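Visitor: Single-letter residue listing:
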Amino acid sequence: MKKALFASLAVLVAAGAASAQTTIKINGYGGQDPAIVGDLINRFVKPALAKDKITVVYQPLQGDYNQQLTTLLAAGNAGDVFYVPGETLDGYVATGKLLPLNGVVNTTPFIKSLNDAFTRGGKTYAVAKDFNTLTLVYNKDIFDEAKVAYPNDNDTWTSFQNKLAAVKKALGNDYYGACLAPEYARMGEFAFAAGWQPFDSKGKTNLLDPAFVSAFNYFTGLSKNKVAVQPSELSQDWSGGCLGSGKVAVAIEGNWIVGFLKDNAPNLKYGSALIPKNDKTGKRGNFVFTVGWAINSGTKNKAAAAKVLNILTSPNVQQYVLEQGLAIPSRTSLQSNAFFKKATPGAENSKVVFQGASSGTVRPYYFGTQGPDWAKPINTALAAVLSGQKSSADALKQAQQEMNILQNR
Amino acid sequence: MLKKGQTSAAYLFLAPFLITIGIFFFYAFARAIYYSLTDFNLFNTPRLIGIKPYADVLADPLFQRALANSLVFAVITTTLQTVGALLMAVALNNKIRGMAFFRSAWYMPSITSSVVITLIFLWLFQRRGVANYAITQWQAFLPYTLTLIGVLIAAQVAQVLWERSRGLPAGWFDPALAVVSLLIAVAVTAILGWTGVLSVRDVAPYDFQYFSDRWISLGGVQILSIPMLVIIIQNTFTTIPTLMLFFLAGLQNIPGALYEAADIDGATSAQKLLNVTVPMLRPVTFYVITVGLIGTMKMFDQVAVIGSAAPQSTLITLAYYVYTNTFKAGAAPVNMAAAAAIVLAAIILVMVFLQRRFISSDAV
Chain A
81 MKKALFASLA VLVAAGAASA QTTIKINGYG GQDPAIVGDL INRFVKPALA KDKITVVYQP
141 LQGDYNQQLT TLLAAGNAGD VFYVPGETLD GYVATGKLLP LNGVVNTTPF IKSLNDAFTR
201 GGKTYAVAKD FNTLTLVYNK DIFDEAKVAY PNDNDTWTSF QNKLAAVKKA LGNDYYGACL
261 APEYARMGEF AFAAGWQPFD SKGKTNLLDP AFVSAFNYFT GLSKNKVAVQ PSELSQDWSG
321 GCLGSGKVAV AIEGNWIVGF LKDNAPNLKY GSALIPKNDK TGKRGNFVFT VGWAINSGTK
381 NKAAAAKVLN ILTSPNVQQY VLEQGLAIPS RTSLQSNAFF KKATPGAENS KVVFQGASSG
441 TVRPYYFGTQ GPDWAKPINT ALAAVLSGQK SSADALKQAQ QEMNILQNR
Chain B
338 MLKKGQTSAA YLFLAPFLIT IGIFFFYAFA RAIYYSLTDF NLFNTPRLIG IKPYADVLAD
398 PLFQRALANS LVFAVITTTL QTVGALLMAV ALNNKIRGMA FFRSAWYMPS ITSSVVITLI
458 FLWLFQRRGV ANYAITQWQA FLPYTLTLIG VLIAAQVAQV LWERSRGLPA GWFDPALAVV
518 SLLIAVAVTA ILGWTGVLSV RDVAPYDFQY FSDRWISLGG VQILSIPMLV IIIQNTFTTI
578 PTLMLFFLAG LQNIPGALYE AADIDGATSA QKLLNVTVPM LRPVTFYVIT VGLIGTMKMF
638 DQVAVIGSAA PQSTLITLAY YVYTNTFKAG AAPVNMAAAA AIVLAAIILV MVFLQRRFIS
698 SDAV
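Chains A and B are the protein sequences, given in the same order. So for the first sequence, the numbering used here puts the first residue at 81; every next one is plus one. So for the second sequence, the numbering used here puts the first residue at 338; every next one is plus one.
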C-alpha cells in the first residue's frame with residue numbers, strides 16, 4: 081500500500097514538473113511597443129518556445145521608463161528580460177542588476193559599435209535590439225514650390241543654411257526652413273562634426289571648446305529671421321510634428337518619423353538626406369541611438385531568459401522590425417537587406433539612417449556617468465538662445481558653470 | 338473610569354489608525370533618518386557613513402536653489418492665500434440672494450485635482466496660450482478700452498458735479514450714477530467704432546515665454562522665477578477656497594453684538610474688519626497660516642506636472658529635489674534625498690514652532 085502511494089506520488093510530481101510552465105516577463109516601453117512586441121511574441125517567440133513550456137508576457141512601463149524600471153528593479157519585481165536604453169546604461173550597471181552576457185549570448189553577429197555601446201569593463205550587458213541615427217527629412221513639395229534644390233548628401237553647413245534661407249524667402253511668413261528642438265540630441269551631431277568630444281580624458285565636458293561653440297552658433301543661428309523655428313512655436317512637441325503639419329521644409333529626425341508620417345501625414349511627399357558636413361573639417365557627425373535587451377541578474381530562469389533574448393534578436397525578428405519601418409536592425413548580416421533598396425520614402429530613410437552610422441564622426445547618444453542630468457545645461461542654453469533670451473556667449477558660460485558643478489559632485 | 342475590558346476595546350478600535358501611522362509615519366521616518374546617515378543607493382546594503390550626506394546636500398547648488406525657491410514660494414503664497422481667503426470669507430458672509438451659488442462657485446477650484454488645474458494653467462501660459470492671446474487682444478483693442486474708460490470717468494464726474502450743484506449729496510462712486518455713466522460710455526464707444534473713428538490696432542502677437550529661465554531679481558540676487566510666479570498664482574487660486582471655509586466657520590462664531598457696538602461707535606467697514614473681525618479670527622488665522630505654510634513647503638505636484646517644460650532651477654522645490662534624487666535611471670543618491678527630506682521636515686517644524694511662540698501665544 082505504502083509503495084503504491086509513493087509510486088503514485090512520484091508520478092504526480094513528475095507530471096507536475098513536466099507540465100510546469102516557465103513564465104518569462106519582459107519589460108519595455110509603452111506607446112507603440114506593446115502592439116509591436118506583442119505581435120513579435122505571437123509570431124516568433126511563442127511558436128519557437130512552445131515545446132519548451134516557456135510562456136512570455138510583455139509588461140509595458142508607461143510614463144518615465146527609466147524611473148519605473150529602477151523602482152521595479154529595486155523592489156525585485158522587474159521582468160526577466162527588459163530594455164536598457166544606451167544612454168542610461170551606467171546607472172543600471174551600478175545597480176548590479178544586469179546580467180553580464182559574456183558566455184550567455186553570442187554577440188558577434190551584431191554591429192561592433194552597438195556592442196561597444198553596451199560594454200563596460202569588458203562585460204557586455206545588453207544586446208542592441210536595433211538602432212537609429214539622425215537624418216534630414218525634407219518636404220519635397222515645399223522645396224519644389226520654392227524652386228530650391230533638395231538637400232543632398234553633399235551639402236555643407238553653409239549650403240544647407242542657404243537652402244533653408246532661400247525656402248523661407250520664397251514662401252514667406254507661413255512657412256519655415258527647419259524645425260529645431262532645443263535639445264542636445266538634435267544639436268550634438270554638429271558639434272561632433274566640428275571635432276568636439278563630449279568627454280575629455282578625465283571625463284570632463286568642455287562646452288567652451290571652439291568646436292562646440294561653432295556648432296552651437298550654427299545651430300542657433302539657423303533660427304535667424306525665423307528661418308528655423310522651435311516645435312513649440314508651431315504648437316508641436318517635436319520636429320516630426322512640425323514636418324507633418326506641412327509648414328516646415330526640414331526636420332532632423334531618425335527612422336521613427338516614418339511610422340509617424342505614415343499615420344499622420346500620409347500624403348506628404350518626403351525625402352531623406354545625410355546630415356550636412358562641416359565646411360572646415362569636411363566631416364559630418366551623427367548620434368547612434370540604441371536600446372538593448374538585457375537580462376535581470378535576479379532572474380530565476382536564466383536559461384529561458386537567454387533563449388527569449390536570442391529569439392528577440394534573431395534575423396527573422398529583425399527583418400520584421402525593419403520592414404515595419406520601426407528601426408534599423410543591429411545584425412551585421414541584415415545590412416545588405418533587399419528592403420534598403422526599395423523605392424519607398426520609408427525604405428530610403430532607413431537606408432540613410434543606416435549610412436549615417438558609418439559616415440563621419442558617429443558617437444552613441446550617451447551622457448556619461450551622471451546620467452540624463454548631464455544634457456540639461458546644454459538644453460537650457462539652447463532654449464535660452466533659440467528663444468532670444470540670452471546671447472550665445474552668456475548661455476554657454478552659464479551652461480559650463482552648471483556642468484562644472486555637476487561633474488565635480 | 339474605564340471598566341475592565343474597556344481599555345482593550347478602545348485599543349482595538351484605535352488599532353487601524355495606530356498601525357497605519359506606525360508603519361507609514363514612525364517606521365518610515367525612522368528609516369529616512371537611517372538612510373540619511375548611510376551610503377544607500379536603492380540597491381546596495383546600507384553602510385553608516387555619518388553626516389556626509391547632509392554635507393553633500395547642503396553644498397549642492399541645486400539644493401540651495403530648491404531651498405530658496407521653497408521658502409520664497411511658501412512665504413508669498415501663504416500671505417496671498419491667507420489675505421485672499423479672509424477677504425473672500427468676509428464677502429461671502431453677507432446675507433444676499435444667491436449666496437449658496439456663490440459659495441459653491443468659489444469653492445469649485447479646491448475640489449478640482451491640482452494636476453488638472455496645472456495642465457490648464459500650462460495651457461493658459463504657453464507661448465501661444467490664452468494669457469498671451471488676451472494680452473495681444475488687449476493691446477489691439479486699446480483704443481476702444483481707453484475711450485470707454487475715459488468717457489466713463491468724464492460722464493461720472495459730470496453727473497456727480499451736476500448733482501452736487503443741485504445740492505444733492507452724491508458720492509464719486511455712486512452706483513446708480515455709475516450705471517448711467519457706463520451706458521453713456523458704451524454708447525459713445527459703439528458710435529465711434531461704427532463711424533470708423535476708432536479701429537483695432539494692428540499689433541504683433543505678444544510673445545512672452547512664461548516657462549523659461551526668467552527671474553525677478555533684487556540687487557542681482559535671483560529671488561523669484563516667472564514659472565514659479567505662475568505656480569504661485571495657480572496655487573493661490575486653488576487653496577483660497579479651502580481656507581475660506583475655515584474663515585467662514587470662524588466668522589459665524591463672532592458675536593453680532595460686537596459689530597452692533599462698532600456701528601454705534603460709528604466705525605467704517607474697514608475699521609470693523611481690522612479691529613473686530615481680524616482680532617476675533619486669530620485662532621483660525623493661526624490654523625490657516627500653519628496649514629498654509631506646511632502645504633506650501635511640501636508643494637510638489639504642480640512642479641512635477643510642469644516637469645521639463647520649464648528649466649529645472651526655476652521650479653525645483655525641496656519636495657521635488659527629494660523626488661528627483663530618489664527616482665533616477667538605476668542607482669540613485671537616496672541618502673541625499675533622505676537627508677534633504679529630513680532638512681525639509683526640520684524647517685517645517687521650526688516654522689510652526691516659531692509661529693506658535695510669537696504669533697498667537699495669547700490666542701490659542
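Keep in mind that the hints were calculated from the coordinates and are not lab data. Since this is a predicted model, take the numbers as computed values, not measurements. Heads up, a few of these hints could be off.
Below, simulated BS3-like cross-link-like pairs (lysine-lysine); rule was C-alpha separation at most 30 Å, straight line [said to hold, decoys possible]:
1. B:K635 / A:K284
2. A:K470 / A:K342
3. A:K456 / B:K341
4. B:K389 / A:K282
5. A:K360 / A:K431
6. A:K456 / B:K389
7. A:K431 / A:K284
Visitor: Now tell me if each hint is right for this structure.
Guide: Verification of the supplied hints:
1. B:K635 / A:K284: violated, 35 Å
2. A:K470 / A:K342: violated, 38 Å
3. A:K456 / B:K341: violated, 66 Å
4. B:K389 / A:K282: holds, 25 Å
5. A:K360 / A:K431: holds, 26 Å
6. A:K456 / B:K389: Given that 30 Å is the threshold and the Cα spacing comes to 26 Å, the pair holds.
7. A:K431 / A:K284: violated, 35 Å
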